[in-house]
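Trainee: What follows is each chain in one-letter form.
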Amino acid sequence: MSQVRTYTRPMAGWWRKNPYFVKYMIREASAPLFYAYALWLLAGLVALARGEAAYNTWRSASSHPLSILLHAVVVVFAIYHTWTWFRVLPKTTPDIDVQPRVLVAAGVAVAVVCCAALFAFAWWATR
Amino acid sequence: MTESVRTIAIECLRYNPETDEAPHYQTYDVPFTDDMSVLEGLQYIKDELDGSLTFRWSCRMAICGSCGSMVNGVPQLSCHTFLRNYYPGKVRIEPLNHFPILRDLAIDQTDFVRNKLPAIKPYLIAKEDKTLAQGEFLQTPGEMHKYYHYSECINCLLCYAACPQYGLNPEFAGPAAIALMHRYNADSRDAGRAERMQLGNSDEGVWGCTLVGYCSEVCPKGVDPAHAINQNKVASTVDYFLRFLTPHGGK
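Chains as they are written, first to last, in numbering that gives the first Met the number 0: chain R, 0 to 126; chain H, 0 to 250.
Worth flagging that the hints you see were computed from the coordinates, not collected in a lab.
One thing to keep in mind: the hints can contain errors.
So the derived list for chain H, only partly shown, Cβ under 8 Å to chain R, looks like this [claimed, not checked]:
| no. | residue |
| --- | --- |
| 1 | Gly72 |
| 2 | Gly141 |
| 3 | Lys145 |
| 4 | Pro163 |
| 5 | Leu210 |
| 6 | Gly212 |
| 7 | Glu216 |
Covered stretches of chain R (in silico footprint by chain H; criterion: 3 or more residues with CB under 8 Å from a CB of chain H, positions within the stretch not fixed) [claimed, not checked]:
| no. | segment |
| --- | --- |
| 8 | 6-15 |
| 9 | 20-27 |
| 10 | 89-103 |
Built from N, CA and C at the ideal position, the CB exists for glycine as well.
Kindly generate the complete structure, drawing on both the sequences and the hints.
Mentor: In structure tokens form, the structure reads like this:
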């Protein structure tokens, strides 16, 4: 059989062509922010291990406007990740007879309750 | 009932492998009524305006899976979407994304039909064969329920057109093939899981998926390939770690 000539379209810019893919790419591309945030927390832990002076330096660095900006951005994307990951939760569970939207709602509810509990504890511990 | 006839612009991607270096677009003004599908719009063009326009179709009722195309950038069965939904805007029809274009709206499905589908062994592999005299392999309704909706795939390839991972890496087995793999693995009469998961557990199998999830959004039959793939990631992970914990590597 003779080879038929075909045309294959390039993939360049694929994610900009569909809002669904844009949302997906925001999710994927913002993931390194959490890596950076985890490193920041790790630095805090190391500072704590080194003693009071190091820890106080880390704390004052944490209250620098740039650090506060990083924290604000991370919070926004953390909320976005929480929402998008619970939205795909029904795709990862075994086949169970529970409506996907019930699973999503349950996941989001657990996340909200955990956050509220954590905030309450932090407020109680630091007041 | 009086039907009002309106006119909509249908922009088709055109590609003739004998004369064209690259595809271009051609617009046709098509009169339509409220009950006309996008496929019927294409058929009007072919019958009345331009007999050279090439596209595939067969059943006109979302069963055969032949008429998949990109309708305004979204993978759709063209028989399953209506011109009225796009009016007064125009409709842009392109061949399914991520597949080589043979001519106009017709894609080359060879990779799926010849490579992807056979690789996942889409048939029952029984533990031991039975003769006719020994009777059939029985199954309860509950056992059938476990795989039934995965068996409703019509191979229309909309999910491949929705999957950027397949577009970026054509080695990826892709949504429909893995959904079908899961369909047979989940069948109580089947014993071929270990054979299929050689591919299923690989980078070209479930791990080629990054859970974009669009495949399940566009599936016209509610097969939910993203679910089939991602629950197998859990199974694949368990399978991987069990080999360290069980005697003889879980064999």
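Trainee: Please go over all the hints and tell whether each is borne out by the structure.
Mentor: Against the structure, the hints come out as follows:
{"no.": "1", "hint": "Gly72", "verdict": "holds, 6 Å"}
{"no.": "2", "hint": "Gly141", "verdict": "violated, 11 Å"}
{"no.": "3", "hint": "Lys145", "verdict": "holds, 6 Å"}
{"no.": "4", "hint": "Pro163", "verdict": "holds, 5 Å"}
{"no.": "5", "hint": "Leu210", "verdict": "holds, 6 Å"}
{"no.": "6", "hint": "Gly212", "verdict": "holds, 6 Å"}
{"no.": "7", "hint": "Glu216", "verdict": "holds, 7 Å"}
{"no.": "8", "hint": "6-15", "verdict": "holds (count 6)"}
{"no.": "9", "hint": "20-27", "verdict": "holds (count 3)"}
{"no.": "10", "hint": "89-103", "verdict": "holds (count 6)"}
Violated hint for the displayed structure: number 2, the only one.
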